[in-house]
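From first to last, the protein sequence lines stand for chains Y and H. Position one of the first sequence corresponds to residue 977 (this note's numbering), numbered consecutively onward. Position one of the second sequence corresponds to residue 977 (this note's numbering), numbered consecutively onward.
For chains that are exact copies, the list does not tell them apart, and a pair is met inside one copy or across any two.
Mimicking DMTMM-like on lysine to aspartate or glutamate, the simulated pairs with C-alpha atoms at most 20 Å apart in a straight line are:
1) K1150 to D1070
2) K1142 to E1131
3) K1142 to D1070
4) K1150 to E1097
5) K1150 to D1103
6) K1057 to E1010
7) K1142 to D1156
8) K1057 to D1043
9) K1137 to E1035
10) K1037 to D1009
11) K1057 to D1084
I should point out that these hints are in silico values taken from the structure, not numbers from a laboratory.
Each chain is listed here by its residues.
Protein chains: 2
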Amino acid sequence: MSRIVVLRLGHRIIRDQRLTTHVLLTARAYGADEGLVAGERDDELLNGVRRVVENWGGEFKVNYVEDWRKVLRDWRERGGKIIHLTMYGINLPDIIDEVRSLWRSGRDLLIVVGGKKVPGELYSIADYNIAVTNQPHSEVAALATFLDWLQEGEELRREFKGGKLKIIPQRRGKRVVRID
Amino acid sequence: MSRIVVLRLGHRIIRDQRLTTHVLLTARAYGADEGLVAGERDDELLNGVRRVVENWGGEFKVNYVEDWRKVLRDWRERGGKIIHLTMYGINLPDIIDEVRSLWRSGRDLLIVVGGKKVPGELYSIADYNIAVTNQPHSEVAALATFLDWLQEGEELRREFKGGKLKIIPQRRGKRVVRID
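Looking at chain Y on its own, in the form it has when it is part of the complex (with noise of 0.2 Å):
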């Protein structure tokens, strides 16, 4: 199968914390199999993501990234494809089916999110400028709905083996078994 890697662009220590490990999450539990980070070198935030994969298994990767513009450039040497979400591109819809045959006949998706300001190059960089709606919302939705349109809803029952903990679903309440 290939791969499907997220990277985020320009993160900012505390300011968006949050959001990027949304985002980096969000690619773990929707099938991506690596995240990369670039901006200011956050390894707090990175190790958090790392110990939610021990908890909870699979094999996602995060890394930081000193160059992104180098990532951009082997990954397109290396024959793979670049998406960049942004709200200005060309509606999911219109565009799902291209991707989508492309990935499943082996090109390696890289996946890129913007932080506040996208270098206007990224538009002419990437592969595909894709949007979820045209509407301003969120990177995490826009994410999510890309890696579930590109998946068509299979990611959502994957098995994320070799944890420690596992949710076993309810009508009501919770509970998690612990994996020895």
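Go by the hints and put chain H onto chain Y.
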């Protein structure tokens, strides 16, 4: 069409401002009719969302609620259903058809999104406790995916009428037109 209202619990000024804004803007962009915020009263937050509605159109309302338990009681008395989004609930793909049938047959839906600490009683008050993956991630992602599956993607093509700004989707770059 029956109504969709999103209730955000436990809002805290400053600390939750961005995430609650993302919850509300996601609610709007994904087709909800109204957003309610419980917790600390935060007029700046509500006015920020109202400005988005003025600029980008549509009929989305936001309001503060003092007593969320009363909102739930009144909702139920008027025949509406209460959905609580929680990682401990039944996984979305296993329950969405049932909820969608209720909604399409005319039941209003109140979707409750917790903050850090959700009062335990909510699990028994809700008609449905629904998870999106049973993995830890983001209430913004969970709300987006719930609304998307409920409406089977139709919400992504919705037009927002009466705004001042409109995006013309582009493969490269940004194009926003002002509507006079």
